[in-house]
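Residue numbers (the UniProt record's numbering), protein chains in the order written: chain A, 1 to 403; chain B, 1 to 403; chain C, 1 to 403; chain D, 1 to 403.
Check before you lean on any hint, since a few could be wrong.
Because identical chains cannot be distinguished in the list, a pair is counted as satisfied if it fits within a single copy or across any two copies.
Taking lysine-lysine and the PhoX-like style, the derived pairs with C-alpha atoms no more than 20 Å apart in a straight line are [as the list claims (entries may be wrong)]:
id: 1; residue 1: K402; residue 2: K291
id: 2; residue 1: K281; residue 2: K395
id: 3; residue 1: K400; residue 2: K330
id: 4; residue 1: K291; residue 2: K395
id: 5; residue 1: K400; residue 2: K14
id: 6; residue 1: K281; residue 2: K402
Derived from the structure by calculation, the hints contain no laboratory data.
Protein chains: 4
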Amino acid sequence: MDFQHSSKAKEYQKRVQAFMEEHVYPNEKVFEDQLNAQETRWADVPPIIEKLKKRAKNEGLWNLFLPDHTYGAGLSNVEYAPLCELMGRSLIGPEVFNCNAPDTGNMELLYRYGSEIQKSQWLTPLLNGEIRSCFTMTEPDVASSDATNIEAHIEKDGDEYVLNGHKWWSSGAGDPRCKLAVFMGKSNPAAPRHEQQSMILVPMDTPGISVKRMLPVFGYDHAPHGHGEIVFDDVRVPAENMIWGEGKGFAIAQGRLGPGRIHHCMRLIGAAERALEDLCKRVQKRVAFHKPLADQGVVREWIADSRIELEQARLLTLSAASKMDQEGNKAAKAEIAMIKVTAPAVALTVIDRAIQAHGAAGISDDFTLAAQWANARTLRLADGPDEVHRRQIAKMELSKYKE
Amino acid sequence: MDFQHSSKAKEYQKRVQAFMEEHVYPNEKVFEDQLNAQETRWADVPPIIEKLKKRAKNEGLWNLFLPDHTYGAGLSNVEYAPLCELMGRSLIGPEVFNCNAPDTGNMELLYRYGSEIQKSQWLTPLLNGEIRSCFTMTEPDVASSDATNIEAHIEKDGDEYVLNGHKWWSSGAGDPRCKLAVFMGKSNPAAPRHEQQSMILVPMDTPGISVKRMLPVFGYDHAPHGHGEIVFDDVRVPAENMIWGEGKGFAIAQGRLGPGRIHHCMRLIGAAERALEDLCKRVQKRVAFHKPLADQGVVREWIADSRIELEQARLLTLSAASKMDQEGNKAAKAEIAMIKVTAPAVALTVIDRAIQAHGAAGISDDFTLAAQWANARTLRLADGPDEVHRRQIAKMELSKYKE
Amino acid sequence: MDFQHSSKAKEYQKRVQAFMEEHVYPNEKVFEDQLNAQETRWADVPPIIEKLKKRAKNEGLWNLFLPDHTYGAGLSNVEYAPLCELMGRSLIGPEVFNCNAPDTGNMELLYRYGSEIQKSQWLTPLLNGEIRSCFTMTEPDVASSDATNIEAHIEKDGDEYVLNGHKWWSSGAGDPRCKLAVFMGKSNPAAPRHEQQSMILVPMDTPGISVKRMLPVFGYDHAPHGHGEIVFDDVRVPAENMIWGEGKGFAIAQGRLGPGRIHHCMRLIGAAERALEDLCKRVQKRVAFHKPLADQGVVREWIADSRIELEQARLLTLSAASKMDQEGNKAAKAEIAMIKVTAPAVALTVIDRAIQAHGAAGISDDFTLAAQWANARTLRLADGPDEVHRRQIAKMELSKYKE
Amino acid sequence: MDFQHSSKAKEYQKRVQAFMEEHVYPNEKVFEDQLNAQETRWADVPPIIEKLKKRAKNEGLWNLFLPDHTYGAGLSNVEYAPLCELMGRSLIGPEVFNCNAPDTGNMELLYRYGSEIQKSQWLTPLLNGEIRSCFTMTEPDVASSDATNIEAHIEKDGDEYVLNGHKWWSSGAGDPRCKLAVFMGKSNPAAPRHEQQSMILVPMDTPGISVKRMLPVFGYDHAPHGHGEIVFDDVRVPAENMIWGEGKGFAIAQGRLGPGRIHHCMRLIGAAERALEDLCKRVQKRVAFHKPLADQGVVREWIADSRIELEQARLLTLSAASKMDQEGNKAAKAEIAMIKVTAPAVALTVIDRAIQAHGAAGISDDFTLAAQWANARTLRLADGPDEVHRRQIAKMELSKYKE
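Start from the sequences, fold in the hints, and give me the full structure.
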């Protein structure tokens, strides 16, 4: 295990940090204002986003998540971790560097499992930041935490596949630039349990796709990105849209979700670090009962515990990243599951303390605390609920001592 | 201490419960739909509210919070507790019975400290449910948890008072029916610390009042009620609008906040009970890995702990209510502080477990869980943050052993 | 539910409290010294115990646990609760009033299910405090939390029963005055699951009984009472020693354990109250970094939370006691399970805070904190582990919503 | 930061692990039996200890803690960490390798700050394992968590120093081989706050030293090592026994406690790892309600959370160790404070879960769980209570944002 950062990595850190400070934080409110000035919050993407993307791309701070030199920045997971953490400090940060979910996961999927034609058609514009995409796996009618429950199906009909299914929490589906859905469904119901599912590429403008509504998250709409409930009704796509091959859905999901999960964790640590910074500043300025809050009661305990919890969560993230780099995503299964449980929990705790320290301001939109909290809460469910990850960790642990 | 419920109280419980089931729960979505159908969510009050109010009033389920027989239902706090709990199960519940904050607090204040003229002008229409009111105490620029920090001031000028101040989190200020603000500010800065403040009645249409914005709570706008940021700029009101007398602000706040706090706790217990019910139903229906969630992992631990925590919180609420009934609000200071710390914490924990059991549905608006969570989170800050209540409890405890 | 204390109950409270202060606390160290002065700590019972018992008996503070007027003090569970709490403040308290486990449980068992002969032979001397007893149910070789696992067996042979089994955690077995074991084992293996077990009375001097060792609890030996590991090897007792009848073991256990469990909880609350008192005193006296500990960091949060948790645990205990009084032990099953989970948890938390506030003194025997902590920890296992009680509570809760 | 283990380190790990399995675990009970077979538990050191020490020394598994090649094994902190963790799995483990507290700390102190004469007189026999030592700093009469409170004094009288003071929790003072006390006291009360204290070497047989009693820890006596309460009454030692120089006590304490603290943490992680192993084995063997405990309720949640918490605590320990290796003990101040808070907390939680999974066996001495729990609890107080470490961490964090 080696967390030493190369000088290249350190250089990137400095640049991303500077970019965040100069261009991202000051534009968070601009983004929100532009959104509210639109006819509806879903009408368009606030122009500040494309402006910032262009700048980041020009500065070479682009596609930093992709370990391949040809397509992306060629950074290892350990190298990317602190950059992703920095981006995660702002809710508009990741997209600015073309490093936002679910597009990163979809790009990784196309990069790993896509055919050359699929790459040129979809990976290239995604890497260029020209289009956005969504991932349609979760379904309202079944416990999707058990992926074998999924009921959507994919049927071959001549040189086409016909897709039917009811999906929701398809994040990014609200974005007017969203042109592609990665669709997961059962294509081979008679095959062994983990070879029944496939993933297939579906252009968003294919007939039969209808976005029924955009789902709120604790009152946030997350416009214009959003989380869609989508019905696929006899949606037809060419057979060559199948990714990798029929029955590979599960294998792809495993490959796709590993990096996706750890990226979420990195961002959460960044969000929590910013919250701790906000907390420390606030309690030194704010006075009650004749003393700064920093000198009262439980406040320093909050700060100390936050620092300890964050330090440990970051180390576990790096440790998982390091194992992914050195032994592959599959070998790091346990570590990824562990950090997927811990990082949201730590972030929620730290951000909640910061909220409490801010008083009522903390639950409003005067700070990014409440929005970041809601986001972190989502991640105790997204990409597998805590319970499923714990289940896996326990299973691996118990198996060490099986008689 | 006596929690035995009289047959009168039990009768009320049955009726309120039936009303909730027949008229309130089924109309939660109607309320939301009517709100969204308006030009803006702030434009008007969804008609379903007035319709339900009328029905509840006709059935005599009205002003149940007010222990006085002439003005209200004449129920004790212990008798009111289970009713208030039932109402709290729905976010639209309390208003239907004219038992919603901050109007109840304001009515109680007028009932206790108002002059006859003030009563006839404001208490009567409030009790009739004809108008709504807000309470303007918290300020953005100071830690308002220490009420002596408050900077707003009230100056006598002839037979008028001139009010200046910057307030926020004035809940209910968004409601088009809101006609009255109870304003707190310093009138006598030279007086002893706890006699510097006054409370005064301000018609919302008085010149100089401007509502700058409505504050969101974890993304929720709480329209049309809402939480206002309000600037009072040389606002002039007749001298007879002063409540009780100059310098009585603190004393009134103490009297007003006691019942207000315990009402919040009762409602929170109701919200958490409903969440536990939702959880129990969900986990018996939802299947993952070939078993209902109810038969897996930590789910039954969640249920058992929720039941234990709720039972204790309810008992502590009743115990505080009983003390208020028998020895007065002031004597119950410790108990009120205790339940004000515990009830939101329990509610947050129980609701959060229910959210987790619902998967992504739990954070959306398909259930009331996420909205109730946000509401409960607010109550770790509103009417005094946890830290101030703990501070008081510890002080009382330590004083028992002072040498 | 009615927690109002009668004047009789209040009178008892005053007297027990005075007795504790005058006679029990000052003799805790005497007890320990007398024990250490013996040849071994198991050799005899420190004379101070019998001296204090005599005094308590003379004062009429005796057998307060037994609700029957003829045999005991005739107090209800609600009346007994505050007395039991007071006794529980000292580890030597309960026995002084002949209100200590497991003798109270065994006396209750004999009182409820014993024949007249069994009563005169065993109940009378137990009520007189002349002898002690133990209860042999738990076994080392099986998970005894599931009572159907129990492997000991009881076989009829003529007009005798022959007992075989390996038991442990038979508390009180070390006491030289222990003359009676209540033995639980399978007598009717072919009967329905809950009618296979019987309970039978076994004089401790019956041939075939061997106490293999006394088990320590976190380093404490609890001498001279102690916790025995006992082998029963072809132990023969007259057939009339059977309690109630063959196959009634389970039914008796349910009846016996209910009151036993709630008594433990009352004592734990007493222990925790004393710890909180110790804490409050210590932190006002002890100075670090130029300020009393009471004015630092998290200390007041500890105090406030302890007060809140204790208040709730006490209310839940009283609520369970009240239900037992009014509807019977069986009807209070859920409440007893709830308090059995909560009271040890609260006591452990509060005592642990007090330990931390005492620094290293807290883990030594200069205070009773460490010993009380160990005792409380035991009660997360004794009379059913937390997990079994939670399991039951969840089952009852889920059944409310079964479709 | 680099946690990569060299092949030398890995080789050591294999050898220490093998030694633990072959020689240490099987002799834990032998140790206890020999101790109990003595006239008193304090009479002598069980012969198994010296036998095991001899074997470990012969195998070159000796003084592994000392980073200097001449005196010790020359391992870095990062290299030593996994070895220390392995030793910590058994309470008799560390001494077998001459790596036990407080001797390691005292050896480190002599190695760093001792004169050549002091080294030859005391360091050599300590390194050889011929004698043992204790460290006398904590005092019963003051809050010793604030080291400036210490009241013991050291007065120059000719070419001697005269020592007076009342100390306790002098660990190791019970050992018949204990020949040396490191004494801390005020020598220069008029100097600046952190230059008032000195440390001085005191042979245990110096007149005026009296060990008043040995303090129990949660009922454990920790014989023959033990924790002494010691009175120093006009104890005279030659002036050359002063370590480093007058007024250097604080500086030495800082230097001594850093490595000592992290060693404790490493051992705690080992203890907790063994507890988790015990837990995993137990729950797969033990059956209740027709299923292994491993398949029930909350057990897998315990396992998963334990694995996650341990992984993070280990990483934080290694991160602190790495910083100590690369930037020195002082630079790692924050990291050491963090791990000193976290490691005991994690160990307590994990061991407690294992206890619960073992039922009553867990609180007895049939497993090492209860004893290890008590030991871990001690470490929330020893070498600075949690609160003092949190205080420091918060101070450092707040200072980043000071205006």
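Hint check results:
1. K402 - K291: Answer is between: at 15 Å across copies they meet the 20 Å cutoff, but 57 Å inside does not.
2. K281 - K395: Only across copies: K281 and K395 sit 13 Å apart there, 43 Å inside one copy, limit 20 Å.
3. K400 - K330: within (18 Å within a copy, 39 Å between copies)
4. K291 - K395: Classified as between: cross-chain Cα gap 16 Å, same-chain 51 Å, threshold 20 Å.
5. K400 - K14: between (43 Å within a copy, 18 Å between copies)
6. K281 - K402: Only across copies: K281 and K402 sit 8 Å apart there, 51 Å inside one copy, limit 20 Å.
Taken one by one, the earlier hints all hold for this structure without exception.
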